[in-house]
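Student: Sequence:
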Amino acid sequence: MKDYFVSTYFLSQMNPKLVLIINIFIVSPCLTKLICFLGHMTDLINTEKDLVVSLKDYIKAEESKLEQIKKWAEKLDQLTDAATKDPEGFLGHPVNAFKLMKRLNTEWGELESLVLKDMSDGFISNMTIQRQFFPNDEDQTGAAKALLRLQDTYNLDTDTLSRGNLPGVKHKSFLTAEDCFELGKIAYTEADYYHTELWMEQALKQLDEGEVSSADKAYILDYLSYAVYQQGDLGKAMMLTKRLLELDPEHQRANGNMKYFEYIMAKEKEANKSSTDSEDQMEQETEVKKKDYLPERRKYEMLCRGEGLKMTPRRQKRLFCRYYDGNRNPRYILGPVKQEDEWDKPRIVRFLDIISDEEIETVKELAKPRLSRATVHDPETGKLTTAHYRVSKSAWLSGYESPVVSRINTRIQDLTGLDVSTAEELQVANYGVGGQYEPHFDFGRKDEPDAFKELGTGNRIATWLFYMSDVSAGGATVFPEVGASVWPKKGTAVFWYNLFPSGEGDYSTRHAACPVLVGNKWVSNKWLHERGQEFRRPCTLSELE
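In the working numbering, the protein residues as written are 18 to 562.
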């Protein structure tokens, strides 16, 4: 987008309107005094000619500006036509979501500056009204972080992500060199030098391949060399700095950095004379310095990619599918539901065709006006709060609000055999691009005695989770402790107990919602509590049974 504004920058350096004003100022004293001689008149003719040239330049500048605006409008017209036909599908592509944030936060602002030069008040007033709905810098940064999160979780290289080669995409999109540079800058401001290096290198690669862009190679190399240096690769940092100085020999920071790098290199040679010389060090292939993740994090990411542990054939033989009547529940004796085992320990079962498309749409429509950033229980305060490890929007629906919600609650009670009168309201959540919920427990642990104190219904005994959409890629529910992955399938629901019958927490139920790579993920869940289940699920004598 910014390439449309390059010519505007140069025009601003020689503003024709300013030239016109200056020329008029020069002419007017002579005219007012009426004492111009022939020589002066000749000068005035030349001045007038210059004024006409200036006027034409001014008209040309206005036409050029309008042409730029027209190109921008035509491009956005095509893009918005495609986007509005399938908003969720369009935003399901992470690159589209990031570029929407970038466009509205950055590029529309630049267009506003261009239009403000000489444009009707109608557009400006409309822009002012609409700006309150625009994303801000924090939103753009959040979208960029989502892309980086997806890159790590799904082991995507920068070239694949930049070219938009993702599985199941409906609206293919790509990142320009400028977009890559922007991602690198955001990583840089977060002191994330690993991703800074990846994305600055991608921006440089695309420019080297001939992409036309307003991104400056010198700027990119400046960021890149420092990011590489921060990761300890002095040789590569020097090589990049040399390349920067070839482009801009007077670059003050690069010259200073080069002297510093040479000084550090000399000190290292003195400290270790047996090491190879600096030229050999610069030519060596450097090892990728990835972030050190905890073992759980690695397992979580592997499960999200479908690389989890596989059950032994012996364990797989214990998993069955069946028609289930809710333990002879009158509503399901003649019309049992389809149920299949997803995992044995903890036992996770999936109910198929358990919620209709009409019910799903009703629940979504009820929830959409209330969607807000999802919260978690703070173990210290016992209150709900937002958290960086849960990135989604959620809303809560009560049974009395809609017969559909009431019917869903009754269905959960019939099929689980548990009392839903003490359960929490139905929570509806939407996970967009990069939306996730990192590994967590649904139940309150012993070190969180006040987790659900304000509810007065005891601990969360079980979880019922509806999948209300298919997800093109990503979005699995994974259990890192046991290696289970449950993939979203519209119209199904999964159920598991968080507590043993004794009331002790089952730590193998620690689970996570993987980031959505492509698409949108809609779920709704019901957390059932201990109170009211005393005779429905009696305690056992064994702590872990």
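Some clues are possibly wrong.
[Claimed, not checked] The calculated lysine-lysine pairs, modelled on DSSO-like cross-linking and capped at a C-alpha distance of 27 Å, are:
(1) Lys-87 x Lys-77
(2) Lys-202 x Lys-222
(3) Lys-506 x Lys-463
(4) Lys-202 x Lys-234
(5) Lys-102 x Lys-187
(6) Lys-410 x Lys-187
(7) Lys-506 x Lys-187
(8) Lys-189 x Lys-507
(9) Lys-507 x Lys-102
(10) Lys-162 x Lys-259
(11) Lys-507 x Lys-410
(12) Lys-187 x Lys-381
[What the hints assert, rightly or not] Ranges of calculated distance between the beta carbons of each label pair, as one might list FRET restraints:
(13) Glu-498 x Ser-373: 27 to 35 Å
(14) Glu-129 x Arg-424: 27 to 35 Å
(15) Ala-235 x Gln-333: 52 to 60 Å
(16) Leu-264 x Glu-84: 26 to 34 Å
(17) Phe-458 x Lys-286: 49 to 57 Å
(18) Gln-147 x Asn-272: 32 to 40 Å
(19) Glu-84 x Asn-272: 53 to 61 Å
(20) Asn-344 x Leu-369: 36 to 44 Å
(21) Asn-182 x Gln-333: 30 to 38 Å
(22) Asp-225 x Ile-146: 39 to 47 Å
(23) Asn-182 x Glu-442: 27 to 35 Å
(24) Leu-93 x Glu-285: 26 to 34 Å
Keep in mind that the hints were calculated from the coordinates and are not lab data.
As the structure is a computational prediction, the values presented were derived from the model and not from experiment.
In this text, a Cβ means the ideal position worked out from N, Cα and C, and glycines have one as well.
Student: All hints are to be evaluated individually against the structure, with a verdict given for each.
Tutor: Here is how each hint holds up against the structure:
1. A C-alpha spacing of about 15 Å is found between Lys-87 and Lys-77, which places the hinted pair at or below 27 Å, so the restraint holds.
2. Straight-line distance between C-alpha atoms of Lys-202 and Lys-222 comes to about 16 Å, which keeps the hinted pair within the 27 Å bound.
3. Our distance criterion of 27 Å between C-alpha atoms is broken by Lys-506 and Lys-463, whose separation comes to about 34 Å.
4. In summary, the hint linking Lys-202 to Lys-234 is supported, as the alpha carbons are separated by about 14 Å, within the 27 Å threshold.
5. A hinted pair counts as satisfied when its Cα atoms are at most 27 Å apart, and Lys-102 with Lys-187 qualifies at roughly 12 Å.
6. Proximity of Lys-410 to Lys-187 is assessed by CA-CA distance (about 23 Å); at most 27 Å being required, the pair is judged to hold.
7. For a cut-off of 27 Å, the pair hint linking Lys-506 to Lys-187 stands: about 19 Å separates their Cα positions.
8. For the proposed pair Lys-189 and Lys-507, the alpha carbon gap of about 24 Å is at most 27 Å, so the pair holds.
9. For the suggested pair Lys-507 and Lys-102, the alpha carbons sit about 21 Å apart, so the restraint of at most 27 Å is met.
10. As the CA atoms of Lys-162 and Lys-259 are separated by approximately 31 Å, the hinted pair breaks the 27 Å bound.
11. Pair hint Lys-507 plus Lys-410 holds up; C-alpha atoms about 19 Å apart against a cutoff of 27 Å.
12. For the hint linking Lys-187 to Lys-381, the alpha-carbon distance of about 22 Å falls within 27 Å, and the restraint holds.
13. A hinted range of 27 to 35 Å for the beta carbons of Glu-498 and Ser-373 is consistent with their spacing of about 34 Å.
14. The hinted window of 27 to 35 Å between Glu-129 and Arg-424 is violated, with their beta carbons roughly 49 Å apart.
15. Taken as a hint, the range 52 to 60 Å holds for the pair Ala-235 and Gln-333, whose Cβ atoms sit roughly 58 Å apart.
16. One distance hint, 26 to 34 Å for the beta-carbon pair Leu-264 and Glu-84, holds here, with the actual separation near 31 Å.
17. For the pair Phe-458 and Lys-286, the supplied restraint of 49 to 57 Å holds, since their beta-carbon distance comes to about 53 Å.
18. Hint check: Gln-147 to Asn-272, Cβ distance near 46 Å, so the stated range 32 to 40 Å is violated.
19. One distance hint, 53 to 61 Å for the beta-carbon pair Glu-84 and Asn-272, is violated here, with the actual separation near 41 Å.
20. In this structure the hint that Asn-344 and Leu-369 lie 36 to 44 Å apart at CB is violated, the actual value being about 18 Å.
21. As the Cβ distance of Asn-182 to Gln-333 is approximately 34 Å, the hint placing it in 30 to 38 Å holds.
22. For the hinted restraint 39 to 47 Å between Asp-225 and Ile-146, the CB-CB distance of approximately 43 Å keeps it satisfied.
23. Here the CB-CB span from Asn-182 to Glu-442 is close to 41 Å, at odds with the stated 27 to 35 Å.
24. Separation of Leu-93 from Glu-285 is about 53 Å and departs from the stated range, judged on CB atoms against 26 to 34 Å.
Checked against the numbered hints given earlier, this structure breaks hints 3, 10, 14, 18, 19, 20, 23, 24; the rest are met.
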